[in-house]
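Participant: Spelled out, the chains give:
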Amino acid sequence: MRFNGALLAEVENWIDESRQMHELSIAQSILQIVQKHIPSGAGGRLRSVTVRIGEDAGVVPDSLEFSFEVLTRSTELEHARLHIEKVPLVISCKKCGDASTVEFPFFFCPRCNSRDVEIIAGDELQVVSIELADALEESV
Amino acid sequence: MSVVTIERKILEKNDEIAGRNRLFFKERGIFVVNIVSSPGSGKTSILECTLERLKGKVRLAVIEGDVQTDLDARRIIRHQVPAVQIVTRGGCHLEANLVRDALEKLDTTALQFLVIENVGNLVCPANYDLGEDRKIVVVSTTEGDDKPLKYPAMFRNAGVLIINKIDLLPYVNCDIHRLRENARAVNPALRIFETSCTTNEGIGEWCDWILTQIAPAD
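Chains as they are written, first to last, in our numbering: chain H, 6 to 145; chain S, 5 to 222.
Hints may be right or wrong, so weigh each one.
[To be verified] Within a straight-line C-alpha distance of at most 30 Å, the following computed DSS-like cross-link-like pairs (lysine-lysine) qualify:
id: 1; chain 1: S; residue 1: K59; chain 2: S; residue 2: K13
id: 2; chain 1: S; residue 1: K17; chain 2: H; residue 2: K41
id: 3; chain 1: S; residue 1: K30; chain 2: S; residue 2: K17
id: 4; chain 1: H; residue 1: K41; chain 2: H; residue 2: K91
id: 5; chain 1: S; residue 1: K154; chain 2: H; residue 2: K99
id: 6; chain 1: S; residue 1: K109; chain 2: S; residue 2: K154
id: 7; chain 1: H; residue 1: K99; chain 2: S; residue 2: K13
id: 8; chain 1: S; residue 1: K30; chain 2: H; residue 2: K91
id: 9; chain 1: S; residue 1: K109; chain 2: H; residue 2: K91
id: 10; chain 1: S; residue 1: K154; chain 2: S; residue 2: K17
id: 11; chain 1: S; residue 1: K13; chain 2: H; residue 2: K91
id: 12; chain 1: S; residue 1: K61; chain 2: H; residue 2: K41
id: 13; chain 1: S; residue 1: K109; chain 2: S; residue 2: K30
Derived by calculation from the structure, the hints in this document are not laboratory data.
Extracted from the complex, chain H is given alone in its bound form:
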């Protein structure tokens, strides 16, 4: 798959200045995985990509959407939309056994105040699925 080179260069220049955007490389990784699941030559049928992003994964959804759009614009994937399933941060307390959804970024059990907790959800960074139009729909 070829990404939009000119736009990519533009974004890279912009990153040079901001130096704070790993969402672009995350978006590239997403597209590399997606590419393996699209039948050869059928990129134009890709309608959506669903990803799961935990609240504690350190990814800004707006920046990820922007990066995805820039990388797919004017390519055969330009009709694809990125859907982001956001996952709240859930911790499990090793002391009292309680599982609770907590306010980011405090990592202690709201029930017993123990800090001996583990994250059971909220650090996901996954590609969930893609949606492909049927071969007939593509030509419409």
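Got chain H sorted already, so can you dock chain S onto it with the hints?
Facilitator: Same frame as chain H, now just chain S:
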């Protein structure tokens, strides 16, 4: 319309390469740290103090990551320590494949301790495993005491926190006790060192800890 289920980790490729790096280090008995911080916290200065104290005792090398220039690698080479510079040309973090490639330029025979200095950034490097044994996060007193709460992922993934520039405490608005508390709120298991590269305070304790982690030479 058809739905294709994928269910894969987005960074699986990086994680795979990091796993191979980790195996490479383990087979050779190399203790590896990945040092992260915001720009200007003093990563390279801490490294210079560390090298001065450890060279001659331990066979060590450095991989330097920067957005531009090889200025940091040159600072290291001045201490007669082998260093390889990775210039990410805009990339805000190191990835495992860049470290793998840098290893080819480094003589790892009989190496005991490898330091990877990441790009100055407290956000992105948290997601990218390089294959290191420990992430070391550095925060300086001039940055204030709320950094751990603002960048929790980085502090949670780290094994060690170095609070640097403690000689400036009388002059800056930073409560070091609150800084420690905030760090422990995010990660109770953090090992904390307090250092100054101007007075050398705390550098000895930090270096002693490194020595306890390094496999004895054959």
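Participant: Each hint: holds or not?
Facilitator: Hints and how they fare:
As the CA atoms of S/K59 and S/K13 are separated by approximately 40 Å, the hinted pair breaks the 30 Å bound. Note on S/K17 and H/K41: the hinted pairing holds, with a Cα-Cα distance of about 13 Å set against a maximum of 30 Å. A threshold of 30 Å between alpha carbons decides the hint, and for S/K30 with S/K17 the separation of about 20 Å falls inside it, so the pair holds. A hinted pair counts as satisfied when its Cα atoms are at most 30 Å apart, and H/K41 with H/K91 qualifies at roughly 24 Å.
Pair hint S/K154 plus H/K99 holds up; C-alpha atoms about 25 Å apart against a cutoff of 30 Å. Of the pairs offered as hints, the one joining S/K109 and S/K154 is violated, with about 36 Å between alpha carbons and a cut-off of 30 Å exceeded. In summary, the hint linking H/K99 to S/K13 is supported, as the alpha carbons are separated by about 26 Å, within the 30 Å threshold. For the hint linking S/K30 to H/K91, the alpha-carbon distance of about 36 Å lies beyond 30 Å, and the restraint is violated.
For the hint pairing S/K109 with H/K91, the CA-to-CA distance comes to about 41 Å; that exceeds 30 Å, so the pair is violated. Taking the CA atoms of S/K154 and S/K17, the gap is about 28 Å. The hint holds against a cut of 30 Å. Proximity of S/K13 to H/K91 is assessed by CA-CA distance (about 15 Å); at most 30 Å being required, the pair is judged to hold. Of the supplied pair hints, the one linking S/K61 and H/K41 is violated, its CA atoms being roughly 49 Å apart against a limit of 30 Å.
Restraint check for S/K109 and S/K30: satisfied, since their Cα atoms lie roughly 19 Å apart, inside the 30 Å limit.
Figure legend: structure checked against the earlier numbered hints; hints not met, in rising order: 1, 6, 8, 9 and 12.
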